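Listed below are the residues making up each chain.
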Amino acid sequence: MSDDQRFTQWLQDYEAERMPDDMNLWNAIESQIRPVRRTTVLPRVGWLVAVLMIIMTTAGVYALDQIINNQAGDKGMNAVTEQGKVAELYITNEFGGEFDLDVTLQTVYVDSNRAFVAISAAGVAPANAPINLYMNPHVILPNGDELPFLTFGGGGGGGGGGGGDEEITLVPFEVSMVPNFDASIIETTDAILPLVIKVELAYVNILDAEQGMIFLGETQFEVEVPFNQGVTLTPNQSVTVGNNELRLQKVVIAPSLTRLEMCYGEPAHPEGNVVDSSMPWQPVVSLSVNGEVVLDGVSVYLSQLDYNPETQCYDYNVTEALDSYTGDWSLSVDYLGYQLIPPTDELQAAFDAAGVSTIALPGGGFMIDPEVSDETSMVKFQEASLAIYQQWQEKIEGAWTFTFTVPEA
Amino acid sequence: MDDKQAIAHIKRKNMQGLAHLVATYQHQALRAADVITRDVGLAEDIVQGAFIKVYKRIDQYDTSRPFKAWFMKMVVNDAIKAVTRRQMVSLDDDQDKIPLGDMLPADDADPFFIIMETEDREIIEKALDDLPPQLRAVIMLKYFLEYSEDEISVTLDEPRSTIKWRLYTARNRLRLALSPLIYEREA
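Line by line, the protein sequences are chains L and D.
Counted from 1, the first sequence has number 580 at position 364 by this note's numbering; the numbering is strictly sequential.
Counted from 1, the second sequence has number 57 at position 56 by this note's numbering; the numbering is strictly sequential.
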């Protein structure tokens with residue numbers, strides 16, 4: 217052994233004595249990081265988002281575009297917000313409980329096609345027992361009917377709250393979300409709409425997630441908000457391209473969203489492709505008004521509850537603010553697309569390559585792992601899904617063009 | 002779980018990944034920081050802070066490079082900065098004060114051999130204590146982590162020639178500090 221080697225050995229022994237193996241920094245490190253992580257809890261990964269992710273990978277057909285739209289922003293929602301049509305309420309209910317929760321109904325918007333609500337919850341949790349808080353909102357009409365979720369548009373807000381001071385045993389947190397609801401079932405001509413907004417609350421203990429979601433209870437708000445009537449048209453036009461006839465039966469133009477009722481017989485699929493017979497082809501549309509291009513090749517979104525296999529008519533949603541466009545409309549279905557479900561192994565490989573942790577669901581499909589489901593992971597999940605899904609698409613080129621007039625209000 | 006898997010977990014804000022890296026590297030990092038700082042408490046603070054930086058700045062990590070090299074570079078440089086700030090010691094100032102060459106004992110009286118032979122731990126500790134942190138860093142990297150001169154150069158962001166000079170200087174400083182033991186042995 218050389219002198220250098222002997223010095224190395226001496227130095228290592230000497231340091232092992234000064235810094236013995238039983239020293240462990242983990243608790244100190246964890247206590248500095250945990251509170252910060254917990255206060256940026258996962259506002260979007262509530263029940264709503266979990267449902268959305270499951271749909272995407274099992275039914276597959278429409279939810280992908282819905283997610284992409286969600287990521288790109290919701291122009292209709294943005295427009296009505298900028299126009300001041302969203303009711304700013306900021307009503308806080310003191311829920312209390314073990315996390316001393318305050319639940320705030322921030323804003324509500326309702327028109328003939330959709331409703332959205334912004335809700336937040338703030339509270340405190342022990343620094344050594346961090347939680348993820350989940351909210352499940354319900355919008356209930358005066359007759360007791362509940363608006364169904366729309367799995368597109370909108371988006372959640374960010375978390376916020378306290379820091380990582382080790383001396384503080386209770387750490388503040390805040391979560392928020394902006395879910396969308398299908399408002400087409402509302403039948404009223406009144407300018408003001410009474411609503412009950414019920415919010416169910418639950419949490420997951422991050423350090424003991426195996427306990428699962430623990431229900432905390434619910435709180436509700438009784439409010440009256442403006443109802444933004446839409447314009448309903450019935451073009452009832454049919455156009456045939458090749459062997460495929462499409463009929464545009466009804467158009468409902470509301471400030472935040474336009475709904476198209478389209479009917480067509482399902483085109484056949486290429487032989488060998490495995491398809492879900494309950495899912496229709498999806499139109500990709502363009503719109504010109506008075507000769508000016510307004511939309512160019514946008515996807516339209518099928519609401520979960522709108523599919524009617526008997527009439528072969530479908531309600532498609534355009535998440536754009538089109539209510540200011542009056543005059544001569546030329547609405548084209550550029551092509552019909554059908555999203556095949558990619559093989560599980562390809563999806564899994566795509567998620568692995570993207571570094572996204574997922575949970576394989578019984579019966580097929582994937583869900584993003586709620587334990588690590590931050591915003592970055594969700595974006596990666598979407599991007600990885602998009603790349604694979606684009607490889608598994610069928611297309612029937614059009615265009616089917618419908619013309620009609622939208623009168624001045 | 003390996004380092005790459007741990008990094009992937011951290012990128013997803015999963016603390017299991019960080020727990021793995023702490024378990025794997027904390028002791029080596031603590032001891033490395035202690036050689037430089039000569040202060041157990043300060044070394045703990047530095048390593049703790051380095052792991053927190055790993056968690057918060059993981060996107061700055063080039064995954065094509067070994068994690069250990071990136072992490073130890075952070076620890077070493079943080080340790081040097083911490084001691085420099087605390088002691089307000091300047092390597093250049095020190096060089097000016099001590100005319101090395103004329104005061105050195107014979108080259109064949111290797112200080113490291115003396116270290117191995119002596120029971121006088123206090124003198125050895127004082128010899129390490131008296132080195133400026135930049136020289137303790139090269140000693141630590143060379144003899145504790147057993148880095149090559151090229152690796153030390155990369156870790157400290159200094160040219161290889163500077164590293165060679167610092168190693169030479171550090172060994173000579175240790176010889177000087179240990180000269181009483183050397184002379185005692187020769188006598």
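No lab work stands behind these hints, which were simulated from the structure alone.
Treat each hint with caution, since some may be false.
Each pair of labels, with its calculated beta carbon distance range [claimed, not checked]:
1. 342/L x 50/D: 55 to 61 Å
2. 161/D x 242/L: 57 to 63 Å
3. 553/L x 159/D: 27 to 33 Å
4. 2/D x 449/L: 58 to 64 Å
5. 155/D x 225/L: 22 to 28 Å
Quick caveat, the model's predicted, so the values are computed rather than measured.
Beta carbons are placed, not taken as given, at the ideal position from N, Cα and C, and that holds for glycine.
A quick look at each hint next to the structure:
1. 342/L x 50/D: 55 to 61 Å: 24 Å, violated
2. 161/D x 242/L: 57 to 63 Å: About 37 Å separates the Cβ atoms of residue 161/D and residue 242/L, which means 57 to 63 Å is violated.
3. 553/L x 159/D: 27 to 33 Å: 59 Å, violated
4. 2/D x 449/L: 58 to 64 Å: 60 Å, holds
5. 155/D x 225/L: 22 to 28 Å: At 25 Å between Cβs, range holds.
Hints 1, 2 and 3 from the list above are not met by this structure, while the remaining hints are.
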